[in-house]
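A.B. asks: Can you build the whole structure from these sequences, using the hints too?
Chain residues, written in single-letter form:
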Amino acid sequence: MGNHTISPRQFMYLVILFTVGSSILIIPTPTAAMAKQDAWLSVLLPVSAGTLIIWFLSTFGRQLENKTFVEAAIFAFGNWFGRLLSFFYLSFIFILGALVLRNIGDFMTTQIMPDTPLQFTHILFLLVVIFGARQGLEVIGRSSEIFIPWIFLLLFFLFFSISPQINLDNLQPILGGGIKPILSSSLTYLGTPLLEMVIFLMVFPYVKEKKKAGRAWILGALIGGLILTLVTLFSVLVMGSDLTALNAYPSYELAKKINLAGFLEGVEIIVAIIWMLTIFFKLVIIYFACSLGTANFLNMEDYRPLLLPTGMGMVVLSIVAYPDVAYFEAFLGETWFLYALTHGMLLPLIIWAGFMIKRAHTESS
Amino acid sequence: MTDKDKQTNELDDSAPHALFSRVEKNIAYIETALGNSTDLVIRHIQLNKTKCAVLFIDGLVDKHTVQNFLMEALMLEMPKRRVSVTTLYNTIKDASLPIGELEEVKQFKDLFSRLLSGETLLLLDEETSALAASTKGWRDRGVQETNSESVIRGPKEAFTETLRTNTALVRRKIKDPKLRIDGKVIGRVTQTEIAVIYVDGLADESVVEEVHSRLDAIDIDGVLESGYLEEYIEDAHFSPFPTVYYSERPDAIAGGLLEGKVAIITDGTPNVLLVPALFVNFLQSSEDYYQRYDIGTFIRLLRLLSFCVALFMPSLYIAFTTFHQEMIPPSLLISLAAQREGVPFPAFVEALLMEFTFEILREAGVRLPKAVGSAVSIVGALVLGESAVQAGLVSPAMVIVVALTAISSFVFPSYNMAIPIRMLRFLFMILAATFGLYGIILGLIALIIHMCSLKSFGSPYMSPFAPLTTKDQKDVLVRFPHWGLFSRPSTQAKNNQGRTSHSSRGGQS
Chain A
1 MGNHTISPRQ FMYLVILFTV GSSILIIPTP TAAMAKQDAW LSVLLPVSAG TLIIWFLSTF
61 GRQLENKTFV EAAIFAFGNW FGRLLSFFYL SFIFILGALV LRNIGDFMTT QIMPDTPLQF
121 THILFLLVVI FGARQGLEVI GRSSEIFIPW IFLLLFFLFF SISPQINLDN LQPILGGGIK
181 PILSSSLTYL GTPLLEMVIF LMVFPYVKEK KKAGRAWILG ALIGGLILTL VTLFSVLVMG
241 SDLTALNAYP SYELAKKINL AGFLEGVEII VAIIWMLTIF FKLVIIYFAC SLGTANFLNM
301 EDYRPLLLPT GMGMVVLSIV AYPDVAYFEA FLGETWFLYA LTHGMLLPLI IWAGFMIKRA
361 HTESS
Chain B
1 MTDKDKQTNE LDDSAPHALF SRVEKNIAYI ETALGNSTDL VIRHIQLNKT KCAVLFIDGL
61 VDKHTVQNFL MEALMLEMPK RRVSVTTLYN TIKDASLPIG ELEEVKQFKD LFSRLLSGET
121 LLLLDEETSA LAASTKGWRD RGVQETNSES VIRGPKEAFT ETLRTNTALV RRKIKDPKLR
181 IDGKVIGRVT QTEIAVIYVD GLADESVVEE VHSRLDAIDI DGVLESGYLE EYIEDAHFSP
241 FPTVYYSERP DAIAGGLLEG KVAIITDGTP NVLLVPALFV NFLQSSEDYY QRYDIGTFIR
301 LLRLLSFCVA LFMPSLYIAF TTFHQEMIPP SLLISLAAQR EGVPFPAFVE ALLMEFTFEI
361 LREAGVRLPK AVGSAVSIVG ALVLGESAVQ AGLVSPAMVI VVALTAISSF VFPSYNMAIP
421 IRMLRFLFMI LAATFGLYGI ILGLIALIIH MCSLKSFGSP YMSPFAPLTT KDQKDVLVRF
481 PHWGLFSRPS TQAKNNQGRT SHSSRGGQS
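Going down the list, the protein sequences come from chains A and B.
If you count by my numbering, then the first sequence holds residues 1 to 365, one letter each, in order.
If you count by my numbering, then the second sequence holds residues 1 to 509, one letter each, in order.
Just so you know, the hints here were simulated from the structure itself, not pulled from any lab data.
All C-beta atoms in this analysis are idealised placements derived from N, C-alpha and C, irrespective of residue type, glycine included.
Which chain A residues stay away from chain B? Per the calculated CB distances, all over 10 Å, these:
1) S48
2) F77
3) F88
4) S161
5) L187
6) I218
7) G240
8) L306
9) L308
10) I357
11) K358
As a list, the in silico DMTMM-like pairs of lysine to aspartate or glutamate whose alpha-carbon atoms are at most 20 Å apart:
12) A/K256 with B/E326
13) B/K175 with B/E157
14) B/K51 with B/E77
15) B/K455 with A/E138
16) B/K178 with B/E209
17) A/K257 with B/E326
18) B/K184 with B/E210
19) A/K257 with A/D242
20) B/K51 with B/E72
C.D. replies: What follows is the structure, given as structure tokens:
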């Protein structure tokens, strides 16, 4: 598997896509519900705090040298306990993958194709993801280079063409509710996508020039965070915080409002394209990490035989994961942050500590 | 190699390798081997009391050369006094034959390959080596104007079916001594000559080596066209996308050689292969470099646009009219709905019907004799287009979509890039009919991933976009002025990247 490596720039693109993917769907609603007109601050704030998390993860990644996270866990804690810890890590990735898949499925069935059953939407999406993961990381990195300019172009088009409808009154009063609701709603952004970044520890061993890659990771998360901040900001600016909080997909509603000189309207499909592309990349990274981690877990040479079975499990889990969108909103607000904190911060800290001790131990002896 | 092949080879091996000393025996052997073919001409002559024979294949030799130089010299200018056979042989070889290329032949295998490729053989009695004079000359159609890749500005000449003419056409464009032409013979039965051409110092050695090793690995009975070789040496056998570029324009090939690519000329076809081939190469025409850079850039962007139109137009039409009517502006939607009022089929069937009709018309147009060609266009344009709408089988909007798609697919300078589009279009139509835009976008993602996974002789197919090389962007979608094209594409020319000197731009800046 050593034949696929990606450049720091490709890695940065993947981080941007990962950050934006699916969060662009789900971030504006809960933040606007809690922080009202200051929703954008509750995205911007954790973006800066997230730099710290990513700095830790990238340092850890560099210390791991060419070991993946799962290999490191087994190296540090031995065959049994190490595998137990990796099992938690892998289950986190797997569940996250199923949830992300459900995000796009929910969006498609509620907004664009109400008549198509959820299962088929999921299966088709996952087939393409499996195809992508099968080609390996190098190809995924290269295709991100093709799509990134288009995503930026479409985002620019979205922001540019909605700008006539900005109403600055919607932002005021700034900090009207005090700092507290901002802090508590910023936990949502910390939970998704910042703490999910731990998944990149499975990808990091395959990035060339580790030092540059660490910087690329931080920069990618910053750019991605900035995009999400802008999306939230524009949603609040155009629709106001109440309407943003009421809509399941505020950024899609935002694009529906585009009306340039009466001839350019109904272009909300642009936002749908951005979503699909970013979610695709998020899912393909998750998928790659999950099957590669499982392969490490099972001492397998190649992760490719695992792609199809993992997919079958993921489709089922994505459908039974939650009954409806309201349930998911509650889950996201109350449970996800703690769940992600355990697996995205606590688990890597434990393994990092164990890894450092074990490494020092082996070096001295 | 199967057992049977081995046996035939052994049979061939059991045949005598060296020539006999008696001329009759040699001739008898040749006649048996060729099965008394009627085009074999054997002329028995006496030179200085020595029995000799001149052999050639009628039609492959230039009779003028044979008569005026070879026969005349042999029969009129031989030494008058009696000499030994060896002296006679040496005199002919070294002094008296006014022919540019003369080789000694000692083996039958060599003899046959020379005889059958148009050389004239001179056999002497009591001599175990024959002389082969290069008298090749047959009817070919000459260097003519290309009709499959025509340009407005630029050289009009095209490659021919003769390998030597083709190498000369390249050599005339690149007079550098570093231009290398390596010869090869491929095809057990056809013995087709192949030439591998590259500029030493510009081409990546590993690519040259790779081309040689892939060509050497080919074991096939016959090579009738460069397409035979292409399918053997291409990287992606199971991809609709071509990973080998071909052209019949010497300037396009020479331009590729200057970028550090390797050309493969096959005897018997004007289509010359060029590797490594990137996706963008198929969207570029040599004329982009002859017209001024602004229009060159515009046309390149236009080609990319028509690539998308040709690939996605019918599927987008299906997706929008079937699934996403709310995204069509109301006035357009009303007019579309009014047009589709009497059409009995769903949009997908309608599109499929028209696309297939067009593919049939196109194929018929290519194969038909010229005289009937106009009949096809009348039937196609008037009867099928006009009447199908009047009969209420298809809507006028669908005819426009199919027509635009068809025209867009003719924009590419390379015919073989239009082929994947033709085939993938149907795939996207099926995706659009089942999943709407969702299906199209997923198909697009899969398509891009597939294209990113391709490689052509070590170069990533989608470079210089993926992996991104900023320096190479100057000659991809846009074309910088020639003085701005200061370096060769870095994926192909690993060494010697400089192309111009910066001070060479004239005029006022």
